[in-house]
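K.L.:
When we follow this note's numbering, the leftmost residue of the sequence shown carries the number 1, and every step to the right adds one.
Just so you know, the hints here were simulated from the structure itself, not pulled from any lab data. Each residue gets a CB set at the ideal place from its N, CA and C atoms; glycine is no exception. Careful, some of the hints might be misleading.
Pairwise CB distance ranges (calculated) [to be verified]:
#	residue 1	residue 2	range
1	42	71	35 to 45 Å
2	27	155	35 to 45 Å
3	105	71	13 to 23 Å
4	59	91	29 to 39 Å
5	102	42	29 to 39 Å
6	50	1	17 to 27 Å
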Amino acid sequence: MIFLTVGTNEAPFDRLLRAAEALSGTEELVVQHGASSYRPAGASCVPFLPFDALVDHVREASIVVTHAGVGSIAVALTNGKTPLVVPRRRSFGEAVDDHQVALAHRLASGGLVVAVDDPSSLPEAVAAFRGDTRPPLATAQSSALVDDLGAYLARVIDAGGAP
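Kindly generate the complete structure, drawing on both the sequences and the hints.
P.N.:
Below, the structure is given as structure tokens:
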């Protein structure tokens, strides 16, 4: 099963859901669509899931596709999944700024996620990921990233909450 989540953001992410339609038919596709209006044909679609159900879907999935939300990425990683991450973009009205682009690229550079910048390339990214044989990440491999994120969060908190 492929599990796709757009998180709980109030902005739609129809651009990702349109691209996800190409994934239906390859295997079961479950989509948590949030505020998005588009429903991929052939997918089981739900607006939101209780946290426990979301975690169950992540654990059962062969592939997890998510927006570049910290919470969604953390759920995938803490459940042993390397997510394919499609960042929301300001230019499409999907986010207030491009912080998800920066986060996706930083986490991808640390080997924690696979960044998919253009949703239209999602089918190719899924196909390439299926052939990926990397072992699950060890926590020690990402310590530099953890340090960077900790420093960033400290700066944000010290600045009064604005990045």
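K.L.:
Indicate, hint by hint, whether the structure satisfies it.
P.N.:
Hints, one by one, checked against the model:
For residue 42 paired with residue 71, a C-beta distance near 27 Å fails the hint of 35 to 45 Å. At roughly 42 Å, the beta-carbon separation of residue 27 and residue 155 lies within the given 35 to 45 Å, and the hint holds. Between residue 105 and residue 71 the CB atoms are about 18 Å apart, so this pair conforms to the stated range of 13 to 23 Å. A hinted range of 29 to 39 Å for the beta carbons of residue 59 and residue 91 is consistent with their spacing of about 34 Å.
Residue 102 and residue 42 have their C-beta atoms about 33 Å apart, which keeps the hinted 29 to 39 Å range intact. For the pair residue 50 and residue 1, the beta carbons lie near 18 Å from each other, so the given range of 17 to 27 Å is met.
Hint violations for this structure: number 1 only, all remaining hints satisfied.
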